[in-house]
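> Below are the chains, spelled out letter by letter.
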Amino acid sequence: MNREQLADQAFTREALASTGRWRRLPFIADPKVRWAMGIGAAVYLALALASIEVNWERVAEGMSRALNFLGAFTQPDFLSRRDDIIDGILESLTMTLTSTVIGVALAIPVGLGAARNIAPLPIYLVCRSIITVSRTFQEIIIAILFVVMFGFGPLAGVITLAFATIGFMAKLLAEDIEDLDWRQVEAIRATGASWWQTMNHAVQPQVMARLIGLSMYRLDINFRESAVIGIVGAGGIGATLNTSMSRYEYDTSAAILLIIIAVVLLCEYGSSHVRRWTQ
Amino acid sequence: MPVSISPQGQPRWRLRTSRAQWLGYLAWLIGACLFLLCWKMISDNTMWVFVADAGRQGGDLISRMLPPDWHYAHRLWKPMWDTLNIATLGTLLGIAMAFPVAFLAARNTTPHPLIRSLALGLIVSSRSINSLIWAMLLVTILGPGVLAGIIAIALRSIGFIGKLLYEAIEEIHPTPVEAISATGARRLQVMSYGVLPQVLPAFAGISVYRWDINIRESTVLGLVGAGGIGLQLNAAINSLAWSQVSVIFLMIFVTVLASEWISARVRHAII
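Sequence order for the protein chains is R and H.
Be aware that the first sequence starts at 1, since it is given in UniProt numbering, and climbs by one per residue.
Be aware that the second sequence starts at 1, since it is given in UniProt numbering, and climbs by one per residue.
Note that these hints are calculated values from the structure, not bench results.
One or more of the hints may lead you astray.
For lysine to aspartate or glutamate, the following EDC-like pairs were computed, each having C-alpha atoms within a straight-line distance of at most 16 Å [what the hints assert, rightly or not]:
1) H:Lys40 with R:Asp87
2) H:Lys78 with R:Asp84
3) R:Lys171 with H:Glu260
4) H:Lys163 with R:Glu268
Just so it is clear, the structure is predicted and the values come from calculations on it, not from any experiment.
Put together the whole structure using the sequences plus the hints.
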């Protein structure tokens with residue numbers, strides 16, 4: 001829309017307002033784009049809703065199970081599968097910690113390589129493609145491949161989570177390095193510092209606080225993910241949860257879900273403390 | 001910064017006091033011990049015979065995946081359409097539920113502190129539980145199919161959109177709200193003319209961002225029976241048809257990259 005039309009529109013809006021028929025500005029300014037998007041969305045919705053097949057008999061049958069599940073949340077059963085739950089949670093926690101430490105340690109060199117302002121082009125491209133592959137595939141897909149390679153058990157889970165951590169941390173670290181304050185790097189270089197000393201005294205102090213905050217956040221994500229990758233045999237609480245659900249033992253499932261929520265809450269509370277402490 | 005005196009009587013600048021230095025060393029020591037303990041537990045539960053074999057297994061896997069079975073791609077259009085529908089409809093449903101929850105959870109728009117803590121509890125429980133677990137649960141309740149996937153994605157999205165949106169609402173400028181209230185507007189009118197215009201760009205950005213994440217998540221929901229391309233993936237893996245698996249992987253890769261590009265462009269245009 002050009003300036004004349006805009007001025008014209010503002011004039012009409014003022015005239016309308018003086019007669020008490022004021023209306024707010026639309027979210028998308030161009031009426032053609034607005035209508036096209038509206039019609040496009042309506043057509044898509046119609047097509048999408050038409051292509052969904054729902055077996056309503058099966059849904060009606062499941063409603064009693066839904067009630068059972070909601071009822072189970074009011075009286076979760078922590079005791080009858082206590083040993084399985086404790087083993088699963090401990091395994092999940094150990095996997096979380098190990099994979100976060102390994103993942104962050106590996107993500108730092110990849111992140112340095114993926115920052116365009118400090119890495120040469122070939123290294124930049126290699127590191128960026130590692131990040132893209134790691135971020136595109138869901139943890140569970142990677143877990144399937146690593147279970148085939150390393151056998152069932154928590155090691156496959158640790159490697160999966162560490163791999164996913166690399167993509168997440170390295171991308172955010174690289175973005176952080178790309179918009180750091182370049183004057184500090186120049187100041188350190190002017191003293192004749194080597195590459196290693198420049199990284200240590202100019203780059204690291206600028207990104208450290210955020211790196212710690214992100215690691216704590218990733219710890220939290222890795223715990224949540226470790227509850228899932230057990231479904232394909234990569235260790236953790238997921239296997240116990242999956243078994244309890246397919247046996248319709250909803251009271252045990254509810255207990256496990258409540259424990260997961262509690263651990264995530266504790267993690268968030270702890271990480272906010274650590275972040276306040278480091279900054 | 002602390003100064004210490006060297007044996008020759010020269011002052012020396014140091015980054016930390018001795019106490020802080022030793023506390024730092026202690027923290028590193030405890031961290032390292034904890035890591036080694038965890039690693040020991042994992043190593044005890046691992047069959048190292050299989051791990052020694054991993055390189056050969058990996059090579060074998062790649063040789064089976066190549067070349068991809070391109071003819072199989074024709075059978076993937078319908079599942080891919082289902083996957084896109086699960087992500088999009090799930091996001092829409094999630095937005096519809098997250099929108100009121102966010103207003104109830106924000107400190108400056110909530111009607112009562114008790115309702116606020118309830119809404120915050122809802123957001124935390126939705127965020128803590130992965131969409132795959134929601135899907136697993138819903139498949140046992142609603143039966144396998146696309147519907148379970150849509151609802152699973154929606155339930156997981158409530159927490160994400162709700163959290164980011166209520167933080168945006170808490171950060172709004174109070175002056176427009178005061179101006180609208182001064183005209184004698186009712187509570188809902190203040191929301192609609194004072195609060196909503198300020199958070200609408202952030203809200204649109206958050207929703208598109210979540211849509212992009214949901215595309216990624218909906219590709220695997222089929223592993224537990226909730227429809228989409230994951231069903232095909234599960235079938236191909238169970239029948240050890242690795243040349244079909246590689247086609248599915250490529251398809252997921254391209255779709256996710258495309259959705260990420262679209263979402264980045266839209267967010268760039270809005271914000």
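> Hinted pair, alpha-carbon criterion (16 Å max): lysine 78 of chain H, aspartate 84 of chain R. Please report holds or violated.
violated (40 Å)
> Could you grab the alpha-carbon distance between lysine 40 of chain H and aspartate 87 of chain R and see if it respects the 16 Å cut-off?
holds (15 Å)
> For the pair we were handed, lysine 163 of chain H and glutamate 268 of chain R, check the Cα-Cα distance against 16 Å.
Holds - the C-alpha atoms of glutamate 268 of chain R and lysine 163 of chain H are around 13 Å apart, at most 16 Å.
> For the pair we were handed, lysine 171 of chain R and glutamate 260 of chain H, check the Cα-Cα distance against 16 Å.
holds (14 Å)
Of the numbered hints stated above, the single one contradicted by the structure is hint 2.
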